[in-house]
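Assemble the complex: chain A is given as a structure, and chain B must be docked to it using the hints.
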Amino acid sequence: MTLVRSELLKIRTTSTWWIFGLISLALWALTLFFNWLQTEALAGGDFGEVPADQSDQLQAVSAADNLAANLYTNGQFFGLLIVLLLGIVVVTSEFFHQTVTTTFLTAPHRSAVMLAKLVAAGVLALLFWLVTTVLNLVTAPLILNSVDVGSQLGSGAIWRAIALNGLAYLLWSVLGVGLGVLIRSQIGATVTGILFYLGGAIGAVIVLSLLASRYGDWINKLQLLVPSLASGLMVGGDTDIPGNPPQWAGALVLIGYAVVAGAIGVATIRKRDIS
Amino acid sequence: MMSDGQPRPSAGTGQITVSGLTKQYKNVRAVDNLSFTVEPGRVTGFLGPNGAGKTTTLRMLLNLVTPSAGTATVGGSRYADLPDPLRTVGAVLEASSAHKGRTGINHLRVICAAAGLPKERADEALALVGLSPAAKRKFKGYSLGMKQRLGIAAAMLGNPQVLILDEPANGLDPEGIRWMRGFLKGLAAEGRTVLVSSHLLSEMQLLADDVVIIAAGKLIRQGPVDQVMASMTHGVRVRVRTPQADDLAAVLREQAATVDADPNGALLVSGVDAPTVGRVALAAKVELHELTTERPDLEGVFLELTAGKAEIR
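Chains as they are written, first to last, in full-length UniProt numbering: chain A, 1 to 275; chain B, 1 to 313.
Bound conformation, chain A alone (with noise of 0.2 Å):
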């Protein structure tokens, strides 16, 4: 416990969290604005001549449960992205100010210091999430009462979404620590992560699709494994688009690479001469 708070004073001492804070609140703001005009334009419904097989699609994205869902969870996109790079610098700015080999010498059990900044990158990925949460609760009520869908809050397929969204913040934060810990240098596991989940999420599809239409459709289902992709049929509304999979099993995959990745931060940890 005295572990955490040290890390988490870490944190508080310096600017990173405030300026990353910053950053992710002007996102929040660019992407509600997209999201208001999506919303806008499914709620009108008027999509002309649409072909048979994304009719269905579309149905389902512009049904009421999924437009609120997808407002409740607006600033996801980068959100988790802010949460992963905070996550890999609780570790590399270690290795980058040196101060790792005080650290060390102040708690040598460097599992429990792992742990430590496991939980401490996980505080505040969920503090990122509750305010974005907060700040969504406030605005997405008005964006669907203007397009006359009411504010959902009444069901309980939103909530769900929006604890779902929370989950996500946390496991992308883990992710981030077992990153840090696999490459120390500060720019180095900065790039990864950013191209891990920018590469993952749209990279991997036109990847993958290019795939399935030459050996077939199965490949398709292998999004399923791309951790963004995983994280974002996690907190999917409730109506299952159809032709994916299951909302739980994007859950699995996403918290089989946080245990997958904290682990080897913790174990790899341990080991390692500091000098």
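If you're looking for bench data, these hints aren't it; they were derived computationally from the structure.
Fair warning: this is a prediction, and the values are worked out from it, not measured in the lab.
Please note: incorrect hints may appear among the correct ones.
Claimed, not checked - Covered by chain A, per the in silico footprint, the following chain B stretches (three or more residues, Cβ under 8 Å):
id: 1; stretch: 52–63
id: 2; stretch: 72–84
id: 3; stretch: 109–115
Claimed, not checked - Part of the chain A face toward chain B, derived, beta carbon under 8 Å:
id: 4; residue: Lys10
id: 5; residue: Thr13
id: 6; residue: Thr99
id: 7; residue: Thr106
id: 8; residue: Lys271
Backbone N, C-alpha and C fix where the C-beta goes; we use that ideal spot for every residue, glycine too.
Frame of chain A; chain B shown alone:
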């Protein structure tokens, strides 16, 4: 000079024992079957040329580097087994080890929080090293000397029985070095164990009571500074200046002394002590202008001991 008096008795004897310590890297044996002890109540200089394995040894002692073989203990325990490491051992390993954007006082508070020490200790430790005025300045604005003092403050947070410093004089100005010397001597006088690594020999001669000399990862010599110096082949010499150099040299050689002339015209006499030289000169009615006992300095001893062993590895 300590604000909080004697080290706590719970810290045990505070003796450092290194036994058969070895670190094998891929191609290099950085530390090779090294054994020595460091006693409390004394300042021990840990000497060796650059690359001799000093830092690796200290890092193995502090559980930062895993030894390939052998053990290193403080008061009989391995560092990792100490129940309260910061209250037993304080270490200053590199001056530049704080987050550049964190203030000095916050750097210490972070350590206090992790070690379960009250955060007031951070203020006390800063005052101890005379850094209170810079408490709220960020680390990146610190001079090298201030960074070194902050490192010492961090090491003193737990009021430890044992203090370990790796090259603390690096980058310090003469005033800083003098401060450090007084500070460390004061700690040893309180009964603490002080182990200081350095390649600055002149500094060690003024500071250390004992020395441990290593080269190429191996122990060369250990003991009290004067004993190590006295054991050298270049023993004590007597410098004499006289207008009748030839006469004096002749009578001294009769006493089985070795006499050489130095370039400035003085005589360097070994094999007899200064009173003997004076007595012989008086008996021979030779006029003396200077009579000094010359001891070899640690630097000479050190260069002689480590000669040929400091090759680049």
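Notebook entry, point to check: Broken hints, numbered, in rising order?
Noted result: Going through the list in order, the structure violates no hint and respects every one.
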